[in-house]
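Got chain A sorted already, so can you dock chains B, C, D, E and F onto it with the hints?
Number of protein chains: 6
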Amino acid sequence: MKKNIYPFTAIVGQDKIKKALILNAINPSIGGVLIKGDRGTGKTTAVRALAGLLPKIEVVKNSPFNVDKNSYLEYELYKTDDKNPKDDIELDKIPMKVVELPLGATEDRIIGSLDIEKALHEGIKALEPGILAKANRNILYIDEINLLDDNLVDILLDAAAYGVNIIEREGISISHPSKFILVGTMNPEEGELRGQLSDRIGLEIEVEGITNIEERIMIMKRREEFERNSEAFNQKFKKEQIKLQDRINLAINLLEEVEINETFLEVIARITLEHGSEGHRSDISILKTSKTIAAFNNHKKVDDVDLREAIRLVLGENKFLSERIQDIKRDIENRVSDES
Amino acid sequence: MKKNIYPFTAIVGQDKIKKALILNAINPSIGGVLIKGDRGTGKTTAVRALAGLLPKIEVVKNSPFNVDKNSYLEYELYKTDDKNPKDDIELDKIPMKVVELPLGATEDRIIGSLDIEKALHEGIKALEPGILAKANRNILYIDEINLLDDNLVDILLDAAAYGVNIIEREGISISHPSKFILVGTMNPEEGELRGQLSDRIGLEIEVEGITNIEERIMIMKRREEFERNSEAFNQKFKKEQIKLQDRINLAINLLEEVEINETFLEVIARITLEHGSEGHRSDISILKTSKTIAAFNNHKKVDDVDLREAIRLVLGENKFLSERIQDIKRDIENRVSDES
Amino acid sequence: MKKNIYPFTAIVGQDKIKKALILNAINPSIGGVLIKGDRGTGKTTAVRALAGLLPKIEVVKNSPFNVDKNSYLEYELYKTDDKNPKDDIELDKIPMKVVELPLGATEDRIIGSLDIEKALHEGIKALEPGILAKANRNILYIDEINLLDDNLVDILLDAAAYGVNIIEREGISISHPSKFILVGTMNPEEGELRGQLSDRIGLEIEVEGITNIEERIMIMKRREEFERNSEAFNQKFKKEQIKLQDRINLAINLLEEVEINETFLEVIARITLEHGSEGHRSDISILKTSKTIAAFNNHKKVDDVDLREAIRLVLGENKFLSERIQDIKRDIENRVSDES
Amino acid sequence: MKKNIYPFTAIVGQDKIKKALILNAINPSIGGVLIKGDRGTGKTTAVRALAGLLPKIEVVKNSPFNVDKNSYLEYELYKTDDKNPKDDIELDKIPMKVVELPLGATEDRIIGSLDIEKALHEGIKALEPGILAKANRNILYIDEINLLDDNLVDILLDAAAYGVNIIEREGISISHPSKFILVGTMNPEEGELRGQLSDRIGLEIEVEGITNIEERIMIMKRREEFERNSEAFNQKFKKEQIKLQDRINLAINLLEEVEINETFLEVIARITLEHGSEGHRSDISILKTSKTIAAFNNHKKVDDVDLREAIRLVLGENKFLSERIQDIKRDIENRVSDES
Amino acid sequence: MKKNIYPFTAIVGQDKIKKALILNAINPSIGGVLIKGDRGTGKTTAVRALAGLLPKIEVVKNSPFNVDKNSYLEYELYKTDDKNPKDDIELDKIPMKVVELPLGATEDRIIGSLDIEKALHEGIKALEPGILAKANRNILYIDEINLLDDNLVDILLDAAAYGVNIIEREGISISHPSKFILVGTMNPEEGELRGQLSDRIGLEIEVEGITNIEERIMIMKRREEFERNSEAFNQKFKKEQIKLQDRINLAINLLEEVEINETFLEVIARITLEHGSEGHRSDISILKTSKTIAAFNNHKKVDDVDLREAIRLVLGENKFLSERIQDIKRDIENRVSDES
Amino acid sequence: MKKNIYPFTAIVGQDKIKKALILNAINPSIGGVLIKGDRGTGKTTAVRALAGLLPKIEVVKNSPFNVDKNSYLEYELYKTDDKNPKDDIELDKIPMKVVELPLGATEDRIIGSLDIEKALHEGIKALEPGILAKANRNILYIDEINLLDDNLVDILLDAAAYGVNIIEREGISISHPSKFILVGTMNPEEGELRGQLSDRIGLEIEVEGITNIEERIMIMKRREEFERNSEAFNQKFKKEQIKLQDRINLAINLLEEVEINETFLEVIARITLEHGSEGHRSDISILKTSKTIAAFNNHKKVDDVDLREAIRLVLGENKFLSERIQDIKRDIENRVSDES
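Quick note, the sequences are listed as chains A, B, C, D, E and F, same order.
Each number in this note's numbering comes from the position in the first sequence (counting from 1) with 1393 added on.
Each number in this note's numbering comes from the position in the second sequence (counting from 1) with 1393 added on.
Each number in this note's numbering comes from the position in the third sequence (counting from 1) with 1393 added on.
Each number in this note's numbering comes from the position in the fourth sequence (counting from 1) with 1393 added on.
Each number in this note's numbering comes from the position in the fifth sequence (counting from 1) with 1393 added on.
Each number in this note's numbering comes from the position in the sixth sequence (counting from 1) with 1393 added on.
The following block holds chain A by itself, in its conformation from the complex:
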């Protein structure tokens, strides 16, 4: 059964959300996005649309865990009676997916369930993989994430802590890798997100309403057009989609080489301290985000524009920060001139 998904490039406005999602597609270690905003502003549409852009990953063929060859062997995710599994591994390239976690999901559905009888004889085959298996190396999307039950939050935190999902039943313990990019949407009026969980999410973006009449008309028309004939609509945006996908793929390849100079590190440390951030999470987020932006901009070195965008994405867009960014820019220039 095929779901009809709205093309990402057909989304009108919402540049910060789109950028944050793209950056995570390039660099999963940014650690996901939390999108906050009123209902009806297209948050969920954007996340679901991302599915159409995601790069391909190499996986062991038919693996329900989307594992690469190394993890396959490390976790012994093969039949226990296979003699020489290493030679048999067939690989496949499949696109990353957006896996949704519904608020009402049961623990078993998320973790997977284990057939104890079978587990004694067949090992990993006794596991009926759950959402965390499907979400491995993919995007795990939770709408209304702030309304998620506490015990489900615990499960996500357990898995996220080491990137492993461990299923234990009656003394039998089976594990598989579970590294997901967590994307959540929420309406802050309906309650706060539990601190432990928001800590696990790299970027936090606030949606703003669109008040431009032309954009609003365009949204209406596109939405109606899409609902009338989604295939034709997708066709219309195919070119743009492919272009963006290519740019993402290039950035993925470039990312490893991107560098940042020492001065910029100090800038990051100062600005988060002034901003009053708890701990060191913001520092590390800005660092990774700025490198990913550089890659997306096809830079091998983070420049001050990349950095400024990263700071805005991580710390938000407030007046004080804008001014500080100016000061920092001067600071950078003075230092760079001093140092040179």
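Relax, there's no trap hidden among the hints.
You can't tell identical chains apart in this list, so a pair holds if it fits in one copy or across any two.
Here are the simulated PhoX-like pairs of lysine-lysine, each with C-alpha atoms no more than 20 Å apart in a straight line: (1) K1614 with K1693; (2) K1614 with K1694; (3) K1411 with K1632.
Honestly, the hints are just simulated from the structure, not real lab data.
Here is chains B, C, D, E and F on its own, set in the frame of chain A:
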């Protein structure tokens, strides 16, 4: 067992409710109606009465999911041991139904239940279809919808998100289409409707009490007459019912061809913005509703009367809006004259 | 095991309660009584005593659902392997009963339970009928009805909506008629009754305390006499009981023929509107009640005394209303003289 | 295993409690006692001690329901394969018991549990009798009765309503008589008793603390003596116990013959009305209690002393009432002289 | 597995707690101790240490219920197929134990569980004894007793009421003696103890903090020494432990003979009345405690020092009481001189 | 599957936390650490990093309980059909571990689960060991320990009380040693820790934020470096890790010999008394901690520097205490000079 249903055309007054229900029968993509009002004002009677007017849809014969041929094949809703199912498909035309979801329904009753043993050998046949199966391509009616349990709301939202109902048990996953028109009635004094759910409903109508003595007498008399002999009563309104049914069927055929001009799109965008609507849902609702009204009025092009009625149905009837509609009318005329 | 029931005619005072109960015995479509009052005022005694007066109904012999021949065939309430069930039906005449629904009843006990295995082969025989089966065509009595659990209220509402009880388990669905007269007693100090439920009850009566010394002594004496020797006590009131039963039976036969003139309909519409009633339930209740009172008074046409009593029973006894009834009386007279 | 019970006649003080318990032993239709008071005042000791005084009742031998011959046949409490059960019934005389209902009892323990398989073949034998079976025709004692769970209260009320305990499981329904004298103790500081339950209890007594030094010493000495050697202690009070038992048995026999004159009935009606009692329960309680006191005092006619004690036991001991009792006395005398 | 227990005689300070525990070891009818105090003050250590001092009791060999010969026969705690059980009984002398009841214990763990199948054929052997079986004739210790769940409190109260634990399942009822000395510790800041339970405990002691530097150092040193090498530490206190054990055993033998004169009884009654005690529990506690203190002091007659200590242990140490004790002393002397 | 753990010696700042963790690795009898602080301050990283430093312990080979030879025999942790188990015991040296207890763990997962059938024949082998088995002689780590469910807290307290985990099911009781070092982290803003649990933890440390720019940059760089290539990063710190491990191992060997003089004991007693500590836990903690610090500093005798650090770790760092420490130092010197 036959339920005795009150004829829709015998309902006295309540024009907006009746119109909203009719429009959904013509164009399910309007997305349902939420009817708000005090008890005893005939909300439920109106919804149930709609059943007598609904058009026929073409379904695969005896399908518990009311699917058309395409969905039947796409979802593989046939016995797994059938050799060449495509040739065997018999089709049938049956009227749409009003399927009720009682507040106390269990999850299994809504989603359907799965016989795991059987599922391995017989696929879809292992599914005991639930309310969501019956509601596919039909009207799903929930009385006191604001009192529905949160986990049931989750189920509805899951199904509504992609128009699919997925039943997962112990790793077996079976899915069938689940596209329903959601109609709910509620008494706002008994609590608000959860935002995620009201977002899924296209039109929101407030019932007004009837104070006209003649109408009240007519209601009394008709109700008593109906209770005394419902068959005779239905006979009396048969002609009127058939006339309305015909008009609905005509509108369904016309709908595809209905167009709206650009200026009207701008009018929609402006008025919702002034009205302070969150997001873009109102814009899209007005667009679809105005086209459906046009079809019901046998117009191929939305005119300003169609549009004004659509705006009133979507945004409600308040003084400010009425005046704005006048301004818009002038606006439209000026523009149209300017443009011509 | 025989329960000793206090004779209805031995109840001292409480005329409105007794009248309301009698009217329902004559005309079930009035829709039950809700009796409100302090504890110890004999509410429950009155309801239980009604059992001694109830008319006989014709049922299919030994039917646990108390069905008549038509329902028996319509619902296919016979063994699935019977060849020609229609010829075998034996009928029986049994008195209506007062079936009590205890506050702590389980869902299964109310709806009935289904033996799934058996259901496949034996149809309706797999159903273990519940309280709703016993209550069909009888009086369903709930003491402290305002304290009933919400899920039980839901069940009652489901059954009351179409007069059908549907038992669904694992995709098997069995239904039987479930048309009951709902009688509830409650102490308003212990909480309100849920609106959906009170809407389903035709008449609402408030008990008043008895302050007349002679009546109080009579109550004491009769109660003690009854407790000392209930059989002798019942014997003493046998004549009066039979007389009242006969009058009820006569009224049942007359009811079909009773008429009401147009003017009176207008009177009803006006007075409920002035009284500020939500919706149209009061209008219809007054209409039915006045006709039933007429039948009990052996009138073929509702007169103004019948109507006034009906209005008092439905809308309650307040000063304003009493005066309005005077006005209406004049109104009626003027009109009648004008019209004649 | 034998429980060591403190002798009733060894209880120092607490005359009203002792009297109330004795009266119930004589006349179960008084309907039990509710004893209110602080902890440590010997409430529970008194109730348990009553067991030593209770009269014998005639029961069918080995009946777990303590039934007499009539109930045995009426309820068909014999093996279903017995041919001619009436001839086999052996009778026995056993003393009434005090059956305790612990706060934490389960529903099954109270109602009894049913072996469904067995029920089809062996009828009543399939019932494992519960506390309500043991309590039939006995005293059912609940300590801290105000803390009893609501669903257990419901069960007691169901059984008390008609004096029958009905066990229903999967459509099988077995019933046995369940007529108990309800005795409860409670500390009013820990919460009120639910109204429906207190309505079922005939007398309500407040314990008063003992401040007399001699009595307090006697209590200490007796308690220590009892704990040191309970058998010797019981022996010491044997004579007194037998004397009281004899008086109770005489009263039981006399009770049927006791009469009350009309004037006294009026006195009762007036005083309860002045006292502001809801309903008619107080009237009936005073009536029965005064007759039972008369029987205990070996009178065949209630005199004014009997009546005054009854009024105090039912309505409590307050100043206003004492004065009214004087007035009533005069009233009685005047009337009696007037009448003679 | 052997638990290392701190020696009772190595406990520094806390004389009242130690005395209260010793008195209960001598005379279980005192009814336990409730120790109130802040955390870290050694309450639990003291209770656990008591285990090292407890006297031996004679039990039927290997009885899980610690019963003596009489109870063994009375309760029929032998195999049902034993022919002549009385001759086979082997006896054993084992020390009393401290049995702990953890807050989280289940009902089954406390009461014991019953194998129904087995119960029909093997009687008592079908019982898997619970904590109440182990606690029979022993000390039952509950830390944080004020936090115990209500249903567990109910179980304790049921057992304590008659000294019997009754296990009932599906109509099978098995009982064994359950007479325990209840010792609880609690921190009053974390909530009060339910009244019914505190009523069951004879003595109530408040821990006081130790502020003496030498004692605090001694506590530190001893604790560290014990943790370093618990066996050597125990050896060091062996002599003192044996001496105290001997004194306890002597007191047990003497206790039966101890007497108290009438005057002292009056003193007890007066002082508790002045103290405002509810009911008579304090009187009886002082009486028993004073006799036990006398036995521990090797007196055959309670003297005024014994009595004064008993009063302090039962009513607590407040200024008013101390002065009253002086008055009482004089009172006693005057009386004694008057009487002689 | 191998978890990538951050090297302990690469942690920037946080000296008190690191010291507290090291001291527990040297001397488990200190009884764990409770680390309090805001999120994102690296609390959890530090605890997990400790795993890389932990000393080896000698265990019975493949024992799921990590037991030494003595416990193995004492607890009979061998197969019941082994003839002469003592001769077969193979020993192994394995590093201590950090075992995590997730907030959502079930009771069974913590205690272990028991196969009753098997238990009768195979004893300990029927036990499926739980977290408490794995945690024996290891560090048990609980993140957000203040949010742990009450029943899980109970389990930990039960096990901690005697160092034993007892699994009881249906009368079968199996036990194994369960001595763990409890390490918890918590954010005090999210609620307090239950008193009973914090009592069981020896040291309590508050994290402070790092405001030094160089340190913050270093944290960022190291974190990024570690995430980029954790193996290389670990290699870089290997030398430092080995050095610290060696120092820990030396301290473990020295610890037994470390002594403290009498004067210092008095100092401890005085300062905790002035500090207002409940009970004696602080005294004993300071005593043990100071000895462990001495061992880590390679002293055979606690000096005043060791003591001062111990006091700061146990009682926290406040101004008053710092001054008192100066006074104490003088006190010590005066005394020492006086004594010498």
